[in-house]
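Engineer: As a plain string of letters, each chain reads:
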Amino acid sequence: MIRKTRVLFATRFAEMAEYRAEVIIWMLSGTISLVMMLVWMAQAAAAPGGQIGGYDGSQFATYFLSVWLVGQLLVVWVGWELDFMIRQGTLSPKLLRPLDPMWPEYAAHVAERFVRIGPMLVLLVIFAALSGASFTRDLWAYPVTLGLCILGFTCRFLYEYTLGLLAFWTESSTSFSEVAWLLYAALGGLFAPLAFYPQWVQNIAVWTPFPYMLGLPAQVLAGKATLSQAGSGALILFGWVIFFWFVRLLVWRLGLKKYGAVGA
Amino acid sequence: MTRYLRLIRIFTGATVSAQLEYRANFIGAVLSSLGQVGVALLAIGVLFGQGSDTVGGWTFREALLVTGFFILTEGFIAVFVQPNMSRIAEAIRTGSMDFTLLKPLDAQFSVSTRYLNVLRVPDILIGLGLIVYAASALTVTLAGVLIAAVLYLSALTIVYCIWLALSTTAFWFVKTQNVAELFNGVFGAARFPVTAFPLPVRFALTFVVPVALITTVPAQAMTGRLSPALALASPLVALALFAVTRWFWLRAVASYTSASS
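Chains as they are written, first to last, in our numbering: chain A, 1 to 264; chain B, 1001 to 1261.
Note that these hints are calculated values from the structure, not bench results. Treat the hints with caution; some may be incorrect.
As the list claims (entries may be wrong) - Restraint ranges, calculated between C-beta atoms of paired labels, are given here: (1) A/207 with B/1232: 47 to 55 Å; (2) B/1022 with A/75: 25 to 33 Å; (3) A/121 with B/1149: 45 to 53 Å; (4) B/1153 with A/98: 57 to 65 Å; (5) A/19 with B/1041: 28 to 36 Å; (6) A/45 with B/1172: 38 to 46 Å; (7) A/254 with B/1027: 15 to 23 Å; (8) A/119 with B/1251: 26 to 34 Å; (9) B/1009 with A/89: 34 to 42 Å; (10) B/1258 with A/247: 46 to 54 Å; (11) A/254 with B/1142: 57 to 65 Å.
We put the CB at the ideal spot given by N, CA and C, even for glycine.
Assemble the whole structure, with the sequences as input and the hints as a guide.
Structural biologist: The following block contains the structure:
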C-alpha cells in the first residue's frame, strides 16, 4: 500500500516536472481573483473613508491574494481527463490494473501542487509587496489553512471526478464542470468576500461546500476567521468529502456497466 | 480576392456541416455560454451591489456596455479565433503543417480561417443583446455607434494579432499549446472599464497589453466620452500589430523544418 503510493506519486511527479512550463502557464492564466482585487482596491480608494464593507485597500489585497493562493491549490482538471479517457477508450487498459483509476489521477493532481508551489510562493511575495497585503501573524493559521485546502481539494476532486464520469452518458460532461466552476467561483467568494452578497445568496451558500473550500481558508489566512470557525468549516467539508466519496462510487459503478455495454 | 472569399465560404460550409453532425454538443455549449455570461454579470453585479453608483466613473449601464463588449469579444474568440489558433501548435507538432504550406494559397489566411465553432455563436448574440440593452438607457448617437463599430473592428484585429503571435511561437517552442491561456489571463481584466483599475495597472492595460482598446474604447465611443487621441490610437495600434505579426509569421514559416527532419 505504502509502496504503491510512493511509486504512483514518484512517477506522476516526474511527469508533472516534465510539464513545468505548462504548469506555470496554467498558473498565470487563473487571474480572475487578481483582477477583482485590483478593482476592489481602486473602489475602496475612491470610497468615502477609504473602505467598503469594512475592508480597506490592503485588506482587499490580503483577502484576494489569499483566495488566489487557495484557488491555485484547489485546481482540478480531472473532468477533462476523464472526458478524454472515456471517449477515446484509453480508460480500458487502466481498468485492467488492480487499482481504481481514480488514484493515479489524484496522485497526479497532488504531484502537480509540488511543481506549482515554488513559483507560486515567489509570485505571492511579489504581489503582496506590490499591493500592500499583510497576512495573519497567528502561526496556527498556516497549518489550519493547509488542512482546509487539503479537505477542500479532495472535495473538489471528488465532485469534479463525478461530473467527469458523466462522460459515460453524454458528450458534453466538461460543460457541467464549467457550470460547477461558476458555482464554486461565485459562492466560494472569488468575486468578493461572501459577506458582500445579498443575504439570500449567503443563506444558500452555507448549504454548499464552496464557501468552506475557498472563502474560509482565505479568511483564515487574512486573519478574519477564528479557530472555531475554521474547525466547524473543516467538519462540514469532511462531511461533504464523505458524501461525494459515495456519490462518486455509485456513479462509477453505474458508469462502468454502461461503458462495458457500449465499448465492448 | 474573390478566390479568398469563395474559399472562406467553402471552409465555413465544411466546418459547419461537420459540427452539425454532433448536435447533442449544443446543450453543452449553451451551458458553457451561460456559465461565461454568469461570471461576467456576477462580477459586475457584486461590484455595484455595495452602494456605490459608479465604478471608475462609469455608471452601471455604462459598465454593462463594457461587459457586453467583453462577452461579444469572448464569443468572437471562441467562434473564430480559438478553433484555428489552437490547431497551429498541433499541426507543427505532428508535422501536418506541411500540407498547409504546400497549398497554393497564403498560409496565414488558411490557418486563420479554416475552422469555426458555431456552437458558441450564442455568446456573440448574448454580447450584442447586452450591448443593446445597456445602450437603450443611455443617450447614444448614430455617429457614436458608427465610430464604436470602426473601433471595435480594430479591437478584433488586435485580438486576432495577439493570438496569432502567441500561437506562432509554436514554430520555435513546439510545446506551446496553452500559451494563449496567457492572453485569457490578461484579457479577463477587460470585463471592467479600464478606469476601474489603479493607475499603474491602467497604464499597463492601455499601453503594454492593449486590453483597454478592446472593450473600454468602443464603449467610450458609444457614450461619446472618447478622447480623439484614443480614437486614433486604436486603429493605428491595430495596423501596426497586423504588420508586425505578419512579419513574425513569415519569419516563423521560413524557419519551419517539419516534424521529422
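Engineer: Now, for every hint given, state plainly whether the structure supports it.
Structural biologist: Hint check results:
no.	hint	in the structure
1	A/207 with B/1232: 47 to 55 Å	holds, 54 Å
2	B/1022 with A/75: 25 to 33 Å	holds, 28 Å
3	A/121 with B/1149: 45 to 53 Å	holds, 46 Å
4	B/1153 with A/98: 57 to 65 Å	holds, 60 Å
5	A/19 with B/1041: 28 to 36 Å	holds, 34 Å
6	A/45 with B/1172: 38 to 46 Å	holds, 43 Å
7	A/254 with B/1027: 15 to 23 Å	holds, 21 Å
8	A/119 with B/1251: 26 to 34 Å	holds, 30 Å
9	B/1009 with A/89: 34 to 42 Å	holds, 36 Å
10	B/1258 with A/247: 46 to 54 Å	holds, 49 Å
11	A/254 with B/1142: 57 to 65 Å	holds, 59 Å
In terms of the numbered hints stated before, the structure departs from none.
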